[in-house]
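A.B. asks: One-letter residues, chain by chain:
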Amino acid sequence: MSDNSAHDYWKSNIKIVLSLLAVWFFISYGCGILFVDALDTIRFGGFKLGFWIAQQGSIFVFVILIFVYIHLMDKLDDRYNLESSKGEMDIAEEDSQ
Amino acid sequence: MSVQVWTFGFVFLTFGLYIGIAIWSRAGSTSEFYVAGGGVSPLANGMATAADWMSAASFISMAGLISFLGRDGTFYLMGWTGGYVLLALLLAPYLRKFGKFTVPDFIGDRYYSQSARLIAVFCAIVISFVYVCGQMQGAGIVFSRFLEVDITTGVIIGMGIVFFYAVMGGMKGITYTQVAQYCVLIFAFMVPAIFISMLMTGIPIPQIGFGAELTEEFGGGRLLDRLDGMSEALGFATYTEGQRTTQDVFFITAALMFGTAGLPHVIIRFFTVPNVRDARRSAGFALFFIAILYTTAPAVAAFARTNLLTTVSNVEYTAVPEWFSKWEATNLVSFEDKNNDGRIQYLGDAEQNELEVNRDIMVLANPEIAGLPNWVVALVAAGALAAALSTAAGLLLVISTSVAHDLLKRSFMPAITEKQELLYARVAIFVAVLVAGYVGINPPAYVAQVVAYAFGLAAASFFPAIVLGIFQKRMNKHGAIAGMLAGFTFTAAYIIYFKTINPAADNAANWWLGISPEGIGSIGTLANLTVAIIISKFTPAPPKDVQAIVEDIRLPGEAVTR
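Just so you know, the protein sequences line up as chains V and G, in that order.
Whatever position you read off the first sequence (first residue = 1), add 1 for my numbering.
Whatever position you read off the second sequence (first residue = 1), add 5 for my numbering.
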């Protein structure tokens, strides 16, 4: 991989990480802590919304965030031909030749 | 059959399973001993990480704590799960690409410095050691309450089991026993939760039952509204409202998140998968498996609290249920009839309150309080032991690799052969087991408090040093060392001052910026980052080959061959 495309790959990587961390911060620290009382005025089934996000919702969001990250990074790796399971087989074949 | 017979049965069965796995997965090389040969599937590693992570504290104490803290308990829930997002996005893939055995390996190589390596070894041992003592105590409580053997015997049995599979199999043995332990602990946590949810709301999914209508038998109405109402009527804080200040909750959550991402026994789990993609995947699986317990825990907390308030409040003391008298015998529940009316007044007002309930018993006693069958009660004991032992094993491995690999092989005795290194690793784990066992039997009073602070210390030392090592190529050894020392010293000093030197001053009025010692690790993290960045600006850039390491770990690719 050339220095240039390595640089581009890293920039895209940083962009993915930062945007997911923005959601992470907004949900946990924003909705779960800073604005929790305001959100509590909204009812969500048998829950106050702020309380629900703080004790349950945020955890679901965390799980989803990591799986979105896995998906986006897999796509990015494929675009730059980095370490797919196929790629590893190619290397293994080259070695055996 | 009685609870005790069931408990013996379950404990015997699960322990037999762990020993069987240990015999099947003996380690033959240092790579197998330290990182299970790097061949663990991401799914198995996810389960192992979840069991490694969820300790006696998560299993036994957390739901109980939340049921007394109400909404403030949120910082445990978010703090101990949100850290996995940081771990997955900022650490795990890059550390896997780096492809060595330990956290001090990374710190020492990335910061091209023996001093940095030794500081990292010191932090790893201190953090893991405080943490392991808490696990031993947890195992001791379960043994003494459910098997009615004394704590010493309990701890010795527990240590014997851990010793067996940790010494034989190292990381390989630990990983596959942790997979089994995850299955045991999640089953043991979910079965009573589902039963209680069915009983109280008629809905078998606790996460939904949490917000549902109570059945007629429990008086109807939404669970949380009823709980708020009952709490207020008895003079307790409203369950769904916070008591702590917003900034304190904010900083405690941050400290727990950064700490989670910086705990060495969790980080090294990501060295065991084959490649970078699998490292990301296994972080996802790990949090998924953890989330099953962590989203159930607040529901269990609310059920338990409601149940407790309805079963004991204003009840004739002579008519209390059997569980009450049983726990009273252990002094974890105590009643004092202040107004001599023969009834239990459980009230928020300390002057009139007649009942003290230890928070740690909520999960263990909950199935009994709800009147579930004996086998369910016994299952909880086996689950609690699985949680305590799996975490203890992971921590002991960190201690043993720190000594055999980082201290001997990489620092003081580089000439030793692989066979000798393996022998030293086994000896180190043996010694660590003995010391942890001793501390479990003779717990120093401060240990229980100190466990939570392992997080603060991990947050203030490792987390920033690793993140900077990956994301800032210019970060050099001077910055990283100064940062780690500043973060660790500041956090340790703040905690020691309020917890040991001057505990009388440990209240909001004296805290710096209103941040409790539990939350100070987040400021330690910031101090570490700031000091590291400033110092690195005024000192020489790292050598070219180190910058090349950073370039390399940023790109996935064939894993470094070990």
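One or more of the hints may lead you astray.
Stated by the list, open to error - Below, computed lysine to any residue pairings styled on SDA-like, alpha-carbon distance capped at 20 Å:
1) V:K12 x G:D557
2) V:K12 x G:E218
3) V:K12 x G:Q552
4) G:K331 x V:L19
5) G:K549 x V:S13
6) V:K16 x G:K478
7) V:K16 x G:E556
8) G:K542 x V:S6
9) G:K549 x V:D4
10) V:K12 x G:I554
11) V:K16 x G:K549
12) G:K478 x V:K76
13) V:K12 x G:L560
14) V:K12 x G:K478
15) V:K16 x G:R559
16) V:K16 x G:F134
17) G:K478 x V:D9
18) V:K76 x G:R559
19) V:K12 x G:R479
20) V:K12 x G:V555
21) G:K478 x V:I15
22) V:K76 x G:L95
23) V:K76 x G:F168
24) V:K12 x G:R559
25) V:K16 x G:D557
26) G:K478 x V:D4
27) G:K478 x V:Y10
28) G:K549 x V:A7
29) V:K16 x G:V555
30) G:K478 x V:L19
31) G:K549 x V:W11
32) G:K549 x V:S3
33) V:K16 x G:L560
Said to hold, decoys possible - Pair by pair, the computed Cβ-Cβ distance ranges are:
34) G:F417 x V:F36: 34 to 44 Å
35) G:S330 x V:S20: 35 to 45 Å
36) G:A238 x V:S13: 50 to 60 Å
37) V:V69 x G:S318: 23 to 33 Å
Just so you know, these hints were derived from the structure itself, not from any lab.
Ideal Cβ positions, reconstructed from N, Cα and C, are used throughout, including at glycine.
A.B. asks: Could you run down the list of hints and mark each one as holding or not?
C.D. replies: Hint-by-hint comparison with the structure:
no.: 1; hint: V:K12 x G:D557; result: 15 Å, holds
no.: 2; hint: V:K12 x G:E218; result: 50 Å, violated
no.: 3; hint: V:K12 x G:Q552; result: 17 Å, holds
no.: 4; hint: G:K331 x V:L19; result: 53 Å, violated
no.: 5; hint: G:K549 x V:S13; result: 24 Å, violated
no.: 6; hint: V:K16 x G:K478; result: 17 Å, holds
no.: 7; hint: V:K16 x G:E556; result: 17 Å, holds
no.: 8; hint: G:K542 x V:S6; result: 28 Å, violated
no.: 9; hint: G:K549 x V:D4; result: 15 Å, holds
no.: 10; hint: V:K12 x G:I554; result: 18 Å, holds
no.: 11; hint: V:K16 x G:K549; result: 26 Å, violated
no.: 12; hint: G:K478 x V:K76; result: 25 Å, violated
no.: 13; hint: V:K12 x G:L560; result: 12 Å, holds
no.: 14; hint: V:K12 x G:K478; result: 14 Å, holds
no.: 15; hint: V:K16 x G:R559; result: 14 Å, holds
no.: 16; hint: V:K16 x G:F134; result: 38 Å, violated
no.: 17; hint: G:K478 x V:D9; result: 16 Å, holds
no.: 18; hint: V:K76 x G:R559; result: 16 Å, holds
no.: 19; hint: V:K12 x G:R479; result: 17 Å, holds
no.: 20; hint: V:K12 x G:V555; result: 15 Å, holds
no.: 21; hint: G:K478 x V:I15; result: 14 Å, holds
no.: 22; hint: V:K76 x G:L95; result: 18 Å, holds
no.: 23; hint: V:K76 x G:F168; result: 43 Å, violated
no.: 24; hint: V:K12 x G:R559; result: 11 Å, holds
no.: 25; hint: V:K16 x G:D557; result: 19 Å, holds
no.: 26; hint: G:K478 x V:D4; result: 15 Å, holds
no.: 27; hint: G:K478 x V:Y10; result: 16 Å, holds
no.: 28; hint: G:K549 x V:A7; result: 17 Å, holds
no.: 29; hint: V:K16 x G:V555; result: 18 Å, holds
no.: 30; hint: G:K478 x V:L19; result: 18 Å, holds
no.: 31; hint: G:K549 x V:W11; result: 19 Å, holds
no.: 32; hint: G:K549 x V:S3; result: 18 Å, holds
no.: 33; hint: V:K16 x G:L560; result: 15 Å, holds
no.: 34; hint: G:F417 x V:F36: 34 to 44 Å; result: 53 Å, violated
no.: 35; hint: G:S330 x V:S20: 35 to 45 Å; result: 57 Å, violated
no.: 36; hint: G:A238 x V:S13: 50 to 60 Å; result: 57 Å, holds
no.: 37; hint: V:V69 x G:S318: 23 to 33 Å; result: 46 Å, violated
In the structure shown, a violation is registered for the earlier hints numbered 2, 4, 5, 8, 11, 12, 16, 23, 34, 35, 37, in ascending order.
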